Amino acid sequence: MNARTELQLMRLLHGELPSGEARALEQRIAAEPELAAACRRLAGLWQGLELPPPRPVPPGFATRVVSRARAEATAPSLAAAPAWVRLAAALSLATGMALGAGLGLWQEVGRPAGTESEVGGVEVSPVEGSSLAEAYWSALEGEAGSGEAGSGEPGRGELR
Amino acid sequence: MGAFPTDVAGASASALPATPSAAEGSDWQLLARVAGGDGEAMAELVEHHQGRLLRLCERLLGDAEEARDAAQDVLLKLFRKAGSFKPRGQLYTLIYRIATNHCLNRLRRRRLVPFLSLERSSERGEEELSVLDPPAPGADPAVALEARRRWRDTRRALAALPPSQRAVLVLTRFEGLSYKEVAGVLGITVGAVESRLFRALRGLERQLDRGSQQGSQRPPEAAQERTASGVSQKGEKR
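Protein chains in written order, with this note's numbering: chain E, 1 to 160; chain A, 1001 to 1238.
Bear in mind the hints are in silico, worked out from the structure with no lab data behind them.
Since the model is a prediction, treat every value here as computed from it, not as a measurement.
A hint or two may mislead.
What the hints assert, rightly or not - No farther apart than 20 Å at their CA atoms in a straight line, the calculated lysine to aspartate or glutamate pairs in the EDC-like style are these: (1) Lys1081/A / Glu21/E; (2) Lys1081/A / Glu1040/A; (3) Lys1077/A / Asp1140/A; (4) Lys1180/A / Glu72/E; (5) Lys1077/A / Glu1066/A; (6) Lys1086/A / Asp1038/A; (7) Lys1081/A / Glu1065/A; (8) Lys1077/A / Glu1044/A; (9) Lys1077/A / Glu72/E; (10) Lys1180/A / Glu16/E; (11) Lys1077/A / Glu1047/A; (12) Lys1081/A / Glu1047/A.
Said to hold, decoys possible - Anything over 12 Å on all C-beta distances counts as not near chain E; from chain A, calculated: (13) Gly1039; (14) Ala1043; (15) Arg1059; (16) Ala1067; (17) Gly1089; (18) His1102; (19) Thr1154; (20) Thr1172; (21) Leu1201.
Unchecked claim - Okay, the calculated beta carbon distance ranges per label pair: (22) Ala24/E / Pro1087/A: 39 to 49 Å; (23) Met1/E / Thr1189/A: 20 to 30 Å; (24) Ala83/E / Glu1047/A: 17 to 27 Å.
Virtual Cβ for every residue (Gly too), placed ideally from N, Cα, C.
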């Protein structure tokens, strides 16, 4: 049986076939045992999907939502600040990012080849043939696999 | 034809009304009042939709606690932009769209962050299932056990699906939406809905078959207990 026929069966099961096509398919099903078996399998799969009844709404849910919405409405937001404040904030952010990127690049350029580097608090060893990003992710995966407990300070393989 | 039940939503989900009611029309009015800062309108809207929204989020995310957080976030998103929505169609479609996108983003973030493994929420889900004992004291324990097995198998199979397929399956099977309604919620074509649903069903069949094979490898005592209790075989329609 081809995928198109199976798709038609799915549409029939879900009441999505136009009535003429539905009748034609039902006649085929009555005449073809293989098609009838496929229908039963699909219907069984569909009806066999079950999830627990919905849980009751937690008490006070609506009150909490309204409270949060009110708190958000009254909290000071950057969007409401004067234009010069928003511009200053954007420039500060951009400057900070540029400085950070520049420092990181300067450190990498100045560091002798073959030594370890630290990116985002994670010490990585340069892996021959791979990029710094790959070494960073490898170190993270190593840290996640070892499950080392945090000591409060970034150590080898630990995230800050 | 008797083999094809017309109610595809199943006993565990209440199907959404096919035609808009007066209540649906007033939802847009409530939203307009929310845009004007009316807290009572906000509370009323939450109460109208909290049940189905929590249900949808829980079915998409597979975790009740995360679903509560997600449902709150969805409602707050709705209220933040209350003044920008044009009253077109049903408000619940809009809510479903925001909720589905929000939950899909959460699901995708889970996949990107291996530390927050799906297994953790699945384990919590297993614990939650264990407290969902039938409320009626006279309920048949074998029936309850079988129901919980189906729920567990379904949740595992759903968790294994890609988020886009999971969303389509949940919206059709458990929320009772038509293909056209699902397409409206997800912002895709009906053809895309069909394609995703078809692939989801194929994937589910593989998952559930795998699960039943593992189940058949259980100790003989467990199998005999299941058979003796009159539990139907997987795949037979009840």
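So, going through the hints one by one against the coordinates:
no. : hint                            : in the structure
1   : Lys1081/A / Glu21/E             : 43 Å, violated
2   : Lys1081/A / Glu1040/A           : 17 Å, holds
3   : Lys1077/A / Asp1140/A           : 44 Å, violated
4   : Lys1180/A / Glu72/E             : 36 Å, violated
5   : Lys1077/A / Glu1066/A           : 16 Å, holds
6   : Lys1086/A / Asp1038/A           : 18 Å, holds
7   : Lys1081/A / Glu1065/A           : 25 Å, violated
8   : Lys1077/A / Glu1044/A           : 16 Å, holds
9   : Lys1077/A / Glu72/E             : 11 Å, holds
10  : Lys1180/A / Glu16/E             : 9 Å, holds
11  : Lys1077/A / Glu1047/A           : 16 Å, holds
12  : Lys1081/A / Glu1047/A           : 19 Å, holds
13  : Gly1039                         : 6 Å, violated
14  : Ala1043                         : 5 Å, violated
15  : Arg1059                         : 6 Å, violated
16  : Ala1067                         : 9 Å, violated
17  : Gly1089                         : 20 Å, holds
18  : His1102                         : 14 Å, holds
19  : Thr1154                         : 5 Å, violated
20  : Thr1172                         : 7 Å, violated
21  : Leu1201                         : 6 Å, violated
22  : Ala24/E / Pro1087/A: 39 to 49 Å : 41 Å, holds
23  : Met1/E / Thr1189/A: 20 to 30 Å  : 25 Å, holds
24  : Ala83/E / Glu1047/A: 17 to 27 Å : 40 Å, violated
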